[in-house]
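Enquirer: According to our numbering, the stretch in the sequence shown is residues 1351 to 1728, in order.
To be clear, the hints were calculated from the coordinates, so they are not data collected in a lab. Here the structure is a predicted model, which means the values were calculated and not measured. Using N, Cα and C, we set each Cβ at its ideal position, and we do this for glycine too. Among these hints, one or two may not hold up.
Said to hold, decoys possible - Using C-beta positions, here's what the derived DEER-type ranges look like:
id	residue 1	residue 2	range
1	1697	1381	40 to 46 Å
2	1454	1483	26 to 32 Å
3	1494	1568	23 to 29 Å
4	1568	1353	45 to 51 Å
5	1596	1355	24 to 30 Å
6	1654	1428	32 to 38 Å
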Amino acid sequence: MGNESEFFNLYRHGFIRVAVCTPEVKVADTVFNAGETIRLARKAADRKAVFALFPELGLSAYSNDDLFQQEALLQGVLRAIERIAGETEALNLILVVGAPLQVDSRLFNCGIVLCRGRIMGVAVKSYLPNYREFYEGRQFSPAEETLAKTIRLCGQHEIPFGADLLFDVSTIRHFRFFLEMCEDVWVPIPPSSFAALAGATVIGNLSASNATIGKAEYRRSLTANQSARCVAAYLYAAAGPGESTTDLAWDGHAMIYENGNLLAESERFTDGSRMILADLDLDRLAQDRMRQTSFGRNAFTHHEALSRFRRVEMTVEPGGERLLLDREYARFPYIPTDPAMREQRCYEAYNIQVQGLSQRLKSSGIDKVVIGVSGGLD
1351 MGNESEFFNL YRHGFIRVAV CTPEVKVADT VFNAGETIRL ARKAADRKAV FALFPELGLS
1411 AYSNDDLFQQ EALLQGVLRA IERIAGETEA LNLILVVGAP LQVDSRLFNC GIVLCRGRIM
1471 GVAVKSYLPN YREFYEGRQF SPAEETLAKT IRLCGQHEIP FGADLLFDVS TIRHFRFFLE
1531 MCEDVWVPIP PSSFAALAGA TVIGNLSASN ATIGKAEYRR SLTANQSARC VAAYLYAAAG
1591 PGESTTDLAW DGHAMIYENG NLLAESERFT DGSRMILADL DLDRLAQDRM RQTSFGRNAF
1651 THHEALSRFR RVEMTVEPGG ERLLLDREYA RFPYIPTDPA MREQRCYEAY NIQVQGLSQR
1711 LKSSGIDKVV IGVSGGLD
């Protein structure tokens, strides 16, 4: 019976379950924000996810403006991180939360990776938007200005710190993840492009992208294409309920893509906290990269840049109980259910055949064609 349960476990077949959370926040209320983060982390663990991603600066809220420079807020963030680490220690879950951190007299926009009560590493935002409605450069410094490679945080020493961290989960095959923050994916060459070439199969984006007309569709296109180009899973968590609306509006957009295909998406503009889940096929991603030989060639071209990544080893045990896939596969994967898309595919299939046959007849000089129709019994 035990062996049968183990066989019917998605983690035994190259899949992992991940969660993207958009918690309700209160601006500068780190106690409330930590509590909501812990609640959603427990919910994700109950659903047997091994990875949970939260939005940018979620422990403080994003819309603090110059409050980010207040010592009371920064100390509250540190207490929140320590509390989350302690109260999620029993969870079999990798937790990624956003927070402002003061390091060497500078303030950085960070993604904190926690697992089993320990801080495994701190990712730093590379590109700070300082145009139109954004002015992050007023409060934060970019990753390239970091002086330290490791930091001390919440009583832990030598915690890896920077924008060059690859987190390698050695207990799950092909599970290596990288973190970037919001604007990082909007630049011409996102940091995640190099991370994917260096081996990352899962990209997490802690975001605080505001809501404007038409922006959601652009986000979908951006993340779908980055997921496809990187042959990776791309998880996107945007800030939502509770953020200040003094200057901006927020929609709490959460998405999970796998190699360009949308697996899960949240409802936007909802009240309260939300969570989406999806089962990622890591074996498929590894196979696709192996078959696409240009992927490896591209990695070789940039081998000097890729050699600068630092690897952070970590473990998580998904458990061996019965756990079936929560993912739908189309009965006819090459035939879309949407009538318009189906019509387009039929148009392409027909004209591909016509063009191929037409060119063949022209090239061979044949001017008489015999069409044979068989009943299928011969």
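Enquirer: With reference to the structure, classify each hint as holding or not holding.
Expert: Hint by hint, here is what the structure shows:
no.: 1; hint: 1697 <-> 1381: 40 to 46 Å; verdict: violated (58 Å)
no.: 2; hint: 1454 <-> 1483: 26 to 32 Å; verdict: holds (29 Å)
no.: 3; hint: 1494 <-> 1568: 23 to 29 Å; verdict: holds (26 Å)
no.: 4; hint: 1568 <-> 1353: 45 to 51 Å; verdict: holds (48 Å)
no.: 5; hint: 1596 <-> 1355: 24 to 30 Å; verdict: violated (53 Å)
no.: 6; hint: 1654 <-> 1428: 32 to 38 Å; verdict: holds (37 Å)
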